[in-house]
Every structure is written in structure tokens, then in C-alpha cells.
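**Student:** Chains W and G, in that order, give the protein sequences.
Heads up: the first sequence runs through residues 1 to 262, numbered per my numbering.
Heads up: the second sequence runs through residues 263 to 728, numbered per my numbering.
Note that these hints are calculated values from the structure, not bench results.
One or more hints might be untrue.
[As the list claims (entries may be wrong)] What follows is a list of derived Cβ distance ranges for each label pair:
id : chain 1 : residue 1 : chain 2 : residue 2 : range
1  : W       : S60       : G       : P399      : 54 to 60 angstroms
2  : G       : E526      : W       : S250      : 56 to 62 angstroms
3  : G       : E357      : W       : D53       : 45 to 51 angstroms
4  : G       : E560      : W       : E104      : 21 to 27 angstroms
5  : G       : V644      : W       : G74       : 53 to 59 angstroms
Note that beta-carbon positions come from the ideal geometry of N, C-alpha and C, so glycine has one too.
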Amino acid sequence: MSDQLPESIRSAVDVGDEASNVTPARLLIGRAGSAYRTSTQLQLRADHAFARDALRASLSLDASPMSELADRFGLFEVATQAESHEEYLARPDKGRRLASGVAETLRRECPNGIDVQIVIGDGLSPLAVSAQVPAVLSPLIDHATARGWTVGRPFFVRHCRVGVMNDIGDALDAQNVVLLIGERPGLATAESLSAYLAHRPGAGDTDAQRNLVSNIHPSGVSSEDAVRRILGLIDSFMLQGRSGFMVKESAQPTTLPGAGGR
Amino acid sequence: MKRSVTLRGETFAFADLRQLLASANEPKAGDRLAGIAAASERERVAAKMALADVALGDFIEEPLLEDDVTGLIFDSLDRNAFAQIRSLTVGELRERVLSPEFVGEWERGLKWALTPEIVSALARIMSARDLISAAAPLRTITRCRNTMGERGVFGVRIQPNHPTDDIAGVLLSALDGLMFGCGDAVIGVNPAGDSIENVIALENALHDLIDTLHAPTQSCVLAHYTTQLAALERGAPIDLLFQSIGGTEATNAGFGVTLQGLAEGRAAVLDSHNSRNGFIGDNVMYFETGQGTALSVEGHGGVDQLTCEARAYGVARAFDPFLVNSVVGFIGPEYLADSTEIMRAGLEDHFMGKLLGLPMGIDVCYTNHVDANQDTTDQLLVLLATAGCNFVMGVPGSDDVMLNYQSTSYHDAAGVRELVGARPAPEFEAWLQQMGIFIGGRLSEESANGPASLRLFADSLRALDR
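Construct all of the structure, not just a fragment, from the sequences and the given hints.
**Tutor:** Structure below.
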């Protein structure tokens, strides 16, 4: 390649044969006429089949790896108003509201008015929760505590939508709520986790008042980077007294002590 | 105004236009979720019959919502042109729209007499083939760094998303798309991270790619518009300003969007183009929409999702966009339950956008938690190509590895162009020929045939570079 080409483009072209080193996207896969080659066609069908089946997976706090988290952090389970998986899919409004009596349970079981309340939700991929949350939860709690923030008792919300953060904020009067929730399964991975963050969430809040760290999985955002970005966002929330689209993530997120100085 | 219809002795009455429109809509999960859908198939048809008899003037006299979007729609209305059609009924307008003389009237300005509410009412009494046949002859031509929308042009957005915005990964995805002849509509990345620095890095990388290749196309990083404008302030090259929009003031508030903010953003981007080369027009906005978005942010105000979608187009056309697309099937089965509802919505959205004069494209897509698949995507894609859709998405292997959904692929786009005899934007097609990607208007044998093709492509690059 010409030396006059920008480095980024030269490296993209040079990478050619090893496309899978730089992206999970299906690149340079050839064609049959203008259609997929047979191997591509059938691989797409196989990946879709895995994603469809992942939706039906279920998650239990009584089984590994969630049972270890339950033992260690006192994780417990609460419900939304969605009573079944089918209702959860068809009625997002119900997945956004805590079931009757849950607010009282939370006030009883969790400290109120703390700095950081961490919540785990199954969302559309229970597999993402069991695959990623074990590597995120512990360092997140440790580093948040190390900064002198009070961190509440985490809990698990079944049939959970992001909007449930409002009810949780109202119930616990937390300064910041972090919801770790399974993203809808894709073809490349069915195990991608998102972290939604909100400062003093409450009734009527929308995504405009929330921030998001998405694609948390081994070939996306690493758990270490995810924790660093979550902490950086909470720093900004505390500083600015708000969350949402007006709060932009810094490209130089807070360094984690002991994280190799990255 | 009370409207009623009696069918086989059973009388159905509708309290107001809002209820009538909701009841007359084809089945949509979002309307059921909102509790405003027809209670029975009989009621749905009765509502369609009552709606067909409503005079167009009623839509002006009986606004569905009082908000800034309604204000914008009224401001955009050509009242003189409207005076000529105000006494027509919706049913009469349908026949007029389907008549051969309509295209001429529409081109001479009748489109400015049509409001979003009127075109959404019309869609409700049209069959799928009506929606296709009526949209096909309507062309909206827009210009930024090339010319989109001419008759016979089927554009493709390259969507080279990456789960961590890795620049080499994004650029390689884009190069792969160019080898299929995609990318004339835009090379547009949805960023995984929305920091200003990250958006600037992506903007610069896409700009360098287009600049190095001398490709007559435009780039876009689909972050929140305030983030793109912050990047612009720091000197990043912004070709198109993107934003997701909705059809009510409350929906836009849920997205952190104001009409004034969009107007100021457009002015800032236009101003920045004065000091850059290669721009041939002043269409600089790119909007995305989708049925169900208003409900998803609880901003629908009791108005059905087809009407809310049409009103989003009312917002879009006030800003002279280069591209608009509905992302039909993206937000899940609670709004469009299955492939049947997705297909209907895709055809409706395309028709409504076209009738309102938008450069309308469609992201034909599905998520894995909805009952749809590659076959149903193929079907809607072919239907839209026959309907004269301005552009679709090109995603590597149909699999968006960042947003986790499936859209149309580079292969799909290239194949459908061949199937219906459509071509890329003219400037872009000339460039494809020059690069050896196209020969005689079709993909060359060497192009897009695996990693070896990339080396041929690199040779062309070097030749260009000399």
C-alpha cells in the first residue's frame, strides 16, 4: 500500500486475511453470484437458531454461578409486574414496574439513601447475566467502596426492563442506580450485557436521563473496561448532579487502582 | 365530531378522530399495548369505512395533539394548495393518489398540501399493492456529496458497526461494503461508545477513507446530535447530522431533542461545509424513525403508532433531510409483533414518507426475539425495491455485531439491484466503474470475492493514489 495513505486505512487493508482479528463482523466471505456462499447461508441459520434458543434460557439464584454471588453479596430476587416470559415480551410496561409489595421489601432489605445501588436484571438474555455479571459485580462493588461511596445490597429483578430503575430509585432514594441487564441476543453473541446508569432516578424519567455502557462481553467491552467506564460515569454524575445525554463519557476513563495502569 | 358506521345491523361509533384513526389501523402490537387498537376485526373495518368518508379539512380543524410538532406541521402546510383538496374525503384522495395524473400534481406542489395525519389515514385504507404502486413513481431527489433518489437509483448505507468502535474493524467493514457497490447513501456508523473523543475518531477515520478513495459519498457517525455538534466544534468533519426523531414533542423530549436544537445544528453543519470541498447540495440531515418509538418513551399521548410515525416525517421534512429511514422491526415484538406486522409497517412507512416528499429509505430488519427471519427480510426487501425505496442498509452478512439485530446485507443489496435493474447514485456508479468494482453496471468478477479481492482493491487504491 502507498505510504501516503492514512495509517488507519492501510492497516485496515493490510489486515485482509485476518479480518476476524479486528472484528467479529462477517467480512470478506465471498459470494455465489450476488448471494451468500452455501457455508455462509447455513452458518447464519445456525447462529439464528442459537439466538432463538438463548431467549428461552432461564436463570436461577440457586444454581451456579448466581448462587455464589447470592452467598457472597446477599443477592436476592424480586419480581416485576410481568408474570411470565410471554407477558414480559408483550407488555414492556409491566416489566418496568416493580410488583406489588416489592418497594417495601427493598426498603426493608436494602440500606436507603446510599451512593450506589447495583441491580441485576435478566432482560432478554439470562445467559448474558450468568456469563458476565460474575466478572463485573465484585470489582464494581470493591472499587466503588474504595472511593468512599456507600454501596447498597445488590438484588436481582426477574422479567426486568430498564424503566424499572425509576421505581427502584423512588423506593430506595439512591444517589446512583446501576442496572446490569442482559441485552437481546445477537447472532455473533447471545451473551452481551449492558449497564444502564441513572442519577437519582424516579417516576417519569426516560432514557434521556440515563447513560449506557453496552456490549459487555469477551469480544466486546471487557469487564475491566466496563467497570472503569461505569465508575467514570458515576464520578461525572456526582460532579454534575445529573445523568443522561447531557453527561458525555470521557475518553480517558478513571484509572482503576491495580488495573495495570491502563 | 361523532362518526359511525353500521355493518350488517351492528353499529360502530367513534368518539373522535384520534379513536377513529387508532381503530382503523392494521393490527399492530403497539396499539394493542397502548389499549387503543380495534376491539374486533369488524370494528377495524367499520373504522376504515368511517375514515374513508372523513373530509380532509377535518384533519386541520381537529388536531390530535397540541404540541410543537403539530405547530410545525401546520406551519409547513401550503394552505392555498390545501384549499383545492380540503373537501375531498380520504376515500376520494386514495383514488386520486392511485390515478396516473397524480404524480404530476404531486410534483407541482400538492405534497405540501398533505399533512402527516392525512397520509397516515390514507395508508389505512390501502392494500399492500396500493402502498407499493402509489409510492413507486414519487421521487425525491436530494444532494449532499452525491445525488440520491433519481428514478432507478437504489441506494445503500454501509453500516460498518463494531462492538468497541475499533477503527481498523470499522474501516475494513466499510471497504468490504464498497466492494459490493454499497455506500452511496452514506457510510454510517452507530458508535458503541458516545464519548466526544470516540465520535471524533470515527468521523476522522471515515472522512479519511472517503477522501483517500475519492469516493463521491458522505459519512455519518450516528451519536446523539449534541455529541456530533460538540465534535464539529472541535473541528471534526461532519457530512451529515444524524438524529432519531419522533412524532410528538414528548417523544423528542425523551430523546433529548428539540426542534430549535435541530435547526441550530443544521445551520452549524451547513456553515461548516462552506470551508470544505465536495458538497453539491444543502441536504445535510439524516433522520431515523420507527413505529412504536413514541409509545416506547411513553410520549404517544393516546395517538396510534402509524399516526405518530407519520408525524415524525412531518418533523423530518421541515429540515430538508438527505436521508430518512424507518428502522422497521428494530424495537421489538411489543410494537410490531411478527413478520406480518413488520412487512405491513415497512410498506406503510415507505409510502407515507414518499407521499410527504421525503427521501425515504427503510432499514428492513428484525431482532431475535420476534417471529421473523431471513426469509421475511428477503420478502420485504424485494417489495420495497419494487416500490422505489430510496435506500436500504448494508450490514456485513446481515449481522450487526454491535446493535445485535439482523438487517439487509451487502449481498442482499447487490442482489436486489441486479434483480430489479436498479443502480447506485450516478456519481458513485461512475466511481465504482473507475475502481473496477463495477463493469458494465454490474459487480465485476474480481470484486467482493473474498480476501483476494481486497488486494485487487488495494491495487486500485494505489493507482488512484499516484
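**Student:** Does the Cβ distance between G:E560 and W:E104 fall inside 21 to 27 angstroms?
**Tutor:** With Cβ atoms ~25 angstroms apart, the hint holds.
**Student:** Should the hint that G:E526 and W:S250 are 56 to 62 angstroms apart at their CB atoms be regarded as holding?
**Tutor:** violated (25 angstroms)
**Student:** Taking the Cβ atom of W:S60 and the Cβ atom of G:P399, is their distance within the range 54 to 60 angstroms?
**Tutor:** Roughly 58 angstroms apart at Cβ, these two residues keep to the hinted range, so it holds.
**Student:** Honestly, do G:V644 and W:G74 meet the 53 to 59 angstroms range at C-beta?
**Tutor:** holds (55 angstroms)
**Student:** Would you say the C-beta atoms of G:E357 and W:D53 sit inside 45 to 51 angstroms of each other?
**Tutor:** Hint holds: Cβ distance 49 angstroms, inside 45 to 51 angstroms.
In terms of the numbered hints stated before, the structure departs from hint 2 and from no other.
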